Amino acid sequence: MTTRQFGQPVLRREDPRLVTGNGRYLDDLGHTAYEAAFVRSPHAHARITDIDVEGALDVEGVVAIFTHEDLEGPAADRLPLLIPHPSIEAGRTGHALAKDDVNHVGEAIAMVVATNRYVAEDAAQRIVVSYEFLPPVVGIENARDGANLVHDDAPGNVAAHLLQEVGDVESALAAAPHTLTLDLDIERSACTPMEGRGVLAQWDSDEQRLRLHSSTQTSTGVRAAVAAKLQLPLSQVECIAPDVGGGFGVKIMHPWPEEVLVPWAARRLDHDVKWTEDRREHFTASAHERGQVQQVTVGFDDDGRLLGLDVRFWHDNGAYLPYGVIVPIITATQLLGPYKPQNYRVEFWSLYTNTAIVTPYRGAGRPQGCFAMERTMDAIAAELGLDRAEVRSRNFIQPEEMPFDQGLMFQDGRPLKYDSGDFPASLAKLKALVGWDDFAAYREEAESQGRKVGLGIGCYVEGTGVGPYEGGHVHVETSGRVNVATGLTTQGQGHQTILAQIVADELGVSIDDVHVTTGDTRRMPYAVGTFASRGAVMSGNAVALAARAVRAKALRIAADALEVAEEDLQIEDGTISVKGAPHASIALSTVAVMSNPLRYAFDESAKAATQFAGTFDPDKPPVADDEEPGLEGKDFYSPTQATFANGMHAAIVETDPVTAEIKILRYCVIHDCGTVVNPMIVEGQVHGGVAQGVGGALYERMAYDETGQLLNASFMDFLMPYASEIPHIETDHLETPSPLNPLGIKGAGEAGTIPVTAVIASAIEDAEGFPIRSMPISPHELWDLRRAHAHALETVSPTPTEESA
Amino acid sequence: MTDIDQGTTVDVTVTVNGIAHTRTVEPRRLLSDFIRHDLRLTGTHVGCEHGVCGACTVLVDGKPMRSCLMFAVSAEDMEITTVEGLGTQDAMGPVQQAFVECHGLQCGFCTPGFVTTITAFIEENPDPTSEEAREAISGNLCRCTGYQNICKAVLRAAEINRERATPTEGGDPA
Amino acid sequence: MKPAPFVHHGPRTLDEAVAVLGEVGHDGKVLAGGQSLIPVLNMRLAQPAHLVDINRVAGLDTVTVTDSHVRVGATVRHAELEKHDEAYAVLPLLRQALLCVAHPAIRNRGTTVGSIAHADAAGEMPSVLVLTQGVIEVVGPRGRREVAALEFFEGPLQTVLEADELVEAVRFARFAPGTRTAFLESARRSGDYAVAGVGVAVDVSTDSGEAVVTGARAAYVSVTDIPVVVDLTDAVAGQPVSSVWDGVDELVQAGIAPEADIHASSEYRRMLAAELTRRALTRATTEGTA
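Protein chains in written order, with the UniProt record's numbering: chain A, 1 to 805; chain B, 1 to 174; chain C, 1 to 290.
Each statement offered as a hint is correct.
DSSO-like cross-link-like pairs, simulated, lysine-lysine; straight-line CA separation at most 27 Å:
| id | chain 1 | residue 1 | chain 2 | residue 2 |
| --- | --- | --- | --- | --- |
| 1 | A | K429 | A | K452 |
| 2 | A | K429 | A | K340 |
| 3 | B | K63 | C | K83 |
| 4 | A | K607 | A | K553 |
| 5 | B | K152 | A | K663 |
| 6 | A | K579 | A | K553 |
| 7 | B | K152 | A | K429 |
| 8 | A | K417 | A | K429 |
| 9 | A | K431 | A | K340 |
These aren't lab readings, by the way, just hints derived from the structure by calculation.
Quick caveat: nothing in here was measured; it's all calculated off a predicted structure.
Let the hints inform the model, and build the full structure from the sequences given.
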């Protein structure tokens, strides 16, 4: 009897390779390739007046130096604006190599190709670029005032402006017994995967064919973009994502300039070319996220129920807008979380600044939205003197209201309609896990020891598994080996394991026989990519559907051979047998042989399928009219809308009464991602997500100075947490299956990250007794806030009020 | 005294995973690049090249060190152990085995640095507490796991080490 | 992030090292553990034409404990000194401070003498050397000289060391019997450069039958340009070891001059230095031994 794999904590099949140093990441490939290094702008905003490469040309080992002038055709044009949207008023993208001007520190100006990276950097250092300086626009405030412009033709630095309204917010606010206005601020952070970006291009001039390896979250996207930029037929380009050392969003952006330039140079030089991003480049030449300034006005009744919510926010999109406005759209829509606002208006401005571009980072706008909503919930509770969990509870969408349409358009252009979720049940679990009702006693005890502690809470709903589609291909070899391919890429989420689990169950084979390939356009040319917690939902369902097609075909063939009805057959452990009569059976591998009538016997098993090997019906063709040879199947999963996962987190923090150092004592997570394929992997995703959230809440920020220099472009000063900074994470799960897809999955990748900033702010606020409106927060900032509030207390009023915050 | 001129190269012999390798390199060649690109032992990864992330950590004469903060020429005659030297897919070392069992990795990029670091740690401290385990890994960055399962893997690795040592009590667990 | 080319010199004796340093002078840099230097080279923030790699110079790798001091040779790794039981027995402050130096993998390669010669204001060991009133043994083409720790540091990353000179060893002086020490830091992440740090040496007398503080000195990390000793005696003398050390603030503030950076304001660092001083005094007097 085959053990059902779905739902089991199956150990990861990718691990033995990875823990022994047998992974193959981008820079592990192409040892004989030329290597590229880039001259990047040291200035945030300038016109390029001259590029002098003279001194670099005679560096021994230099093969070529390219500037924008060398590029031709579409490669010289601006990079694409990937996701057009009607709200975009001035969509500007950069060039692969800067043409005329630079708009952020780190923008590529010249490309050096050399025999190795050391030499390439020697030459890059000798290239002299002359600039005419332009005033840099740094920070949302500067962008908003519009005195200086990033792009001359983008007035007010506005890239996009969007307003959505459900109901009548103005009247609702006017009629509300209580209103509050909150000014909020979230700073930039970044994905910073341990492996940066990287591209290897191998040009075969005989075949006029390009093989690309990219450390990407979308190999099909890169393939299509590079084919277009290099004017190559799509059929002559293949793109493979090898092992990828983390993505978290930054590698869904494409084509990066380097993804165009490296293959372009490889073809031009007729030689393999590789570029491996170094850490310093990653800080300034990749992407950031999170930076927003928000203003929330909320109207509510005496019980704390929302009557109207009016949100305006300003989103810092950096120097260019290649990924469109996905991030602010997600903030605008996902902000609502598990709540019913009754009347909701949201308006955002996406603004250019002379800083690194902004594209999705795990959570992709949701952490900011959650921050706005959850700060508002806490403010309502404070204003009315109500329990914070109770205020949330009173505003929850109830399980019986599912599916619940929020009346907005989501990031996929489809309605924001929650499919499932049981928020009251989640909250009950969370309160039990963290000991919500016992906290007052805990705090009292801590206070008696001179300690300051606080409890925080945050709830979110996450649109996951957005379309348009993913595909699955399942092929049973005559050895019984099952090959599974999906075009979606993997960066550590364990897709090779969970997809094997799904296929093993669907097909009735041992998981050991299932081999999964992801992100290789040679194996599955139709795919979208890995983002929006969509891997398990999209590819999971796609491979399930493909496996079902293979199963059906296997049963057809077996039924014919065993002369029984298909519905009387079962597949277990790779053997098809008649239910109740297990001796009447046929191996799936044999069915694979039979599925492919052969002329040539290349091995023992093939013999059985050759034309003289057995009996056949001379009146029928070897391959039936409605069949294809081979035991394989392909299918695609394309949903009408996103699924909606949800979760609730709580944390207990301690703040040092003197130094304002902040320590997370406990961190509790309730998580509902629908049915769970592999609880071990989901748990790991939650841990990692929370850790990234903690980084964003307490440690990480992009410290730009007013000239647009990134002051902390290293792991020394960008404080990605070590183990010492991350608390032990306690988790509990709730499974409300999604009715939208065959497997009931919702997606888990980003969830852990989303509410952390809100939760930590809530807990610090609870510990300190004054509002926290700006995150991340460091000890010295908290200490400053304490002093400001102590001062306000002395000079203004006996207690700080919400409005005085 | 050995002087090496700019632009010239030097023969360097380093013992890696028990095998002496000689390569001709520039004196500026980082040990990490020497291991990865000259010896093609790509299990050692490079995550920051300024010594903070720990992905490139190898054992130098048994002690964890950052291979991005050493020159290959400085490693002449030293004994280096990389992640490849600590086990194979068919015969994983205790730390590698523990990482698999505890889901101690996701993308796997930082893992080799953790494996080398933890191998040396449990050698020194065969029965660590959870606090000691967390502290031991606090010089290596991981962006995927949130560290919880890596902490678990440290304890499990120590346990596997002890289990494996049991049949030949008093013998060398390595 | 690859270093620019350089000439590598691998002297085997101190004489050879001195000779080659004399030749390359300002174009050269001494490479010991390299844990501060190599990141800077990788980022090409420094591009010395010559590196004088002293790792194989004979005789520099020893720790010697005498009645008066702990002498640490130029290639002794932080970790070796940290784990040196004899050194710990006579001068616990060494291990107390070394455990705050970066992470174990860095301490396995980085040298104590190197971090002193590097003279980073965020370095722990320069302050420890100053607090013990130690001595730096310098060798160069003009022979040997000894520099008192307090006179060695001239500014951030600046010392009295000439370009052709090398630190052969440093001597951490032992405290008088009855002096207790502690070292405390606050860093954003464990192992990071401290936002502020302090080492204290507290003289405790039990002559009266009760443990009473007779004097105390502190040296700081990240809140002074160069390591200085702040004498806290006036604020602590005569107090029992169980004191809460309320009176030290003024002396601490007068002795430090913190600057702001992206991690903390100077005001915050001032507060932190004072608080860490109080906590270090408590730790030294309640947990520390001579």
